Amino acid sequence: VISLKGHDALCEDAAGNRAEIAVELVEPVEAGEVLLTHGGVAIGLVSSREEDS
Amino acid sequence: VKYVDEFRNGEIARAVAAQIASLAEPGRHYKLMEVCGGHTHTIYRHGIKDLLPDGVELVHGPGCPVCVLPMGRVDEGVAIAERPEVIFTCFGDMMRVPGSRGNLLEVKAEGADIRMVYSPLDALRIARENPDREVVFYAIGFETTAPSTALTLQRAKKEGIENFSVFCNHVTIVPPVRALLDSPDLRLDAFIGPGHVSTVIGCRPYEFMPEDYGKPCVVAGFEPLDLLQSILMLMRQLDEGRCEVENQYGRVVLWEGNLQALKSMAEVFELRPYFEWRGLGFIAQSALKLSEEYADFDAELRYSTPGVRVADPKACQCGEVLKGVLKPHECKVFGTACTPERPLGALMVSSEGACAAYYNFGRKSYERVEIGSKG
Numbered sequence: 001v002i003s004l005k006g007h008d009a010l011c012e013d014a015a016g017n018r019a020e021i022a023v024e025l026v027e028p029v030e031a032g033e034v035l036l037t038h039g040g041v042a043i044g045l046v047s048s049r050e051e052d053s
Numbered sequence: 001v002k003y004v005d006e007f008r009n010g011e012i013a014r015a016v017a018a019q020i021a022s023l024a025e026p027g028r029h030y031k032l033m034e035v036c037g038g039h040t041h042t043i044y045r046h047g048i049k050d051l052l053p054d055g056v057e058l059v060h061g062p063g064c065p066v067c068v069l070p071m072g073r074v075d076e077g078v079a080i081a082e083r084p085e086v087i088f089t090c091f092g093d094m095m096r097v098p099g100s101r102g103n104l105l106e107v108k109a110e111g112a113d114i115r116m117v118y119s120p121l122d123a124l125r126i127a128r129e130n131p132d133r134e135v136v137f138y139a140i141g142f143e144t145t146a147p148s149t150a151l152t153l154q155r156a157k158k159e160g161i162e163n164f165s166v167f168c169n170h171v172t173i174v175p176p177v178r179a180l181l182d183s184p185d186l187r188l189d190a191f192i193g194p195g196h197v198s199t200v201i202g203c204r205p206y207e208f209m210p211e212d213y214g215k216p217c218v219v220a221g222f223e224p225l226d227l228l229q230s231i232l233m234l235m236r237q238l239d240e241g242r243c244e245v246e247n248q249y250g251r252v253v254l255w256e257g258n259l260q261a262l263k264s265m266a267e268v269f270e271l272r273p274y275f276e277w278r279g280l281g282f283i284a285q286s287a288l289k290l291s292e293e294y295a296d297f298d299a300e301l302r303y304s305t306p307g308v309r310v311a312d313p314k315a316c317q318c319g320e321v322l323k324g325v326l327k328p329h330e331c332k333v334f335g336t337a338c339t340p341e342r343p344l345g346a347l348m349v350s351s352e353g354a355c356a357a358y359y360n361f362g363r364k365s366y367e368r369v370e371i372g373s374k375g
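Order-wise, the sequence lines are chains Z and Y. Numbering of the first sequence is given in the working numbering, commencing with residue 1 and proceeding in unit increments. Numbering of the second sequence is given in the working numbering, commencing with residue 1 and proceeding in unit increments.
Bound-form chain Z, shown alone (with noise of 0.2 Å):
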C-alpha cells in the first residue's frame, strides 16, 4: 500500500505496477502493508507471521 484515500488505497504490486484498490474488506489498513487483491478489491492482508519461520 502506498497511500490512502477515503475506502481505496494506491498499490503497487512486486512487478512496480499501481493500481487503485479498494479496502473495505480488509480495514484497518495503513501504508507499507501487503494485500492480497482480486478483481481491484483487496480480500486478505499479508502477514508478517511467516517471514521469521
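Hints listed in this document are in silico derivations from the structure and should not be mistaken for laboratory results. Please read all numbers here as calculations on a predicted model, not as lab measurements. All the given hints hold, so there is nothing to weed out.
A short, non-exhaustive set of chain Y residues, derived as facing chain Z with CB atoms under 7 Å: (1) Tyr118; (2) Leu121; (3) Thr144; (4) Pro147; (5) Ser148; (6) Leu151; (7) Thr199; (8) Arg251; (9) Val252; (10) Asn258; (11) Ala261.
Okay, derived cross-link-like pairs now, SDA-like style, lysine to any residue, Cα gap no bigger than 25 Å in a straight line: (12) Lys263(Y) to Leu36(Z); (13) Lys158(Y) to Leu4(Z); (14) Lys158(Y) to Thr37(Z); (15) Lys157(Y) to Leu10(Z); (16) Lys263(Y) to Pro28(Z); (17) Lys157(Y) to Glu24(Z); (18) Lys5(Z) to Lys158(Y).
Okay, the calculated bits of chain Z under chain Y, using three or more residues with CB under 8 Å as the criterion: (19) 17-26; (20) 29-40.
Each residue gets a CB set at the ideal place from its N, CA and C atoms; glycine is no exception.
Fit chain Y to the known structure of chain Z by using the hints.
Then chain Y, alone, in the frame of chain Z:
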C-alpha cells in the same frame, strides 16, 4: 521479490521433494487432488510433477471458475451482450469461452459493445460514465471473486446507480468437492485446498473432508515451495495416520477467513437451490444469486434469461478432466482440434484451466515420457 523469491528456491524444493519421496511407501499409489486451477498452473509451470516420486499422482480438481461454467450460461451472457442498449463487461478470461453460437469475442467483432474489465468496480465506473446505457457485469468466480462483486453492488446501491446490473455466475467450492467425494469414479487420498478461496471462507468449511470422508486437506499457497510443503504435510498425515485440515498458507489465510468479506457476501447474495456445473451436472446449493435486497441489480431478472441447458460438444471431454477422471492429454481432441488458439472446451481457454496449463507447460514432458515408453 518479497513473498516470491523465497518460495522458489530450487535447493529447498529438491530437499522437500526428497522428504516427500522418503514418506512414500513402495508400491503404494497416492492420489492427491489440487482443487484450485491456480495450483494446476503452478504445478505445470514450475515442473512440480517432475519432482515427485512415481507413486504420488496429482489430480486436477474443479476449481477453475471459467472452466466449470456450462455452455447455457455462456449463451445467456452472449444474448445479453447482443442487446443494443447494453455495454457488456467481463473479465478477459470469459471472452473466448465457447458457447453454442460462438463466444463473446466473436459477438464483439460483429458490433456488440463488450468491454474487458479488470474489476467489477471498473464496470461500475463505466455505468457512471454512460448514464444513457445499461451496463452489465458478467460475474464469475468462486468465493475469491464474489467479494469484489458484492462490494461493487454495495457501492452501486449506496450511490443509487440504476443503469448497472450483474449477471451472477458465482459458485462455491465445497459442494462440488463433496460431489466428487460421493462419486464412484474417483478414489482420492487427500486434498490440496484452495488458497485464495480460503482467504475468504477460512479453513473450517473443509472439516467435512476428514470428518465425513476420512480425507486429509491442506490449504496451500501458490508458489512452488507452498505446493511442495503442502504435499509433504499431506504425506506426513497419511504416514502418521492423521486426518485433519491444516493450513500451509498461514501468511494469508486465517482459520476463520475474512469476516468482513463474508458479511458483505451474506448481504448481497443468497444460495441458489441448484446450479449446473460443466461435467458435474446439477449440484444443490453450489452457486450464488443476488439476494432480494439487491434484486434490482439482477441481470437475470432485468433481461429475463431463460435458463436454457446446452450440451457440450460431443468430442470435448472437459467434464471428465474436471472430475479428475481423465488427464488433459487423454482427451480425444487435446492439442489437435482443441488448442489455446482455437479452444473447443473452456479448460483450454482459461490460464487456470487444466488443459491450457498442460498444453503450455506440461506437454513436452508428457511427449517425452510417451516416446520413451514406446521405445
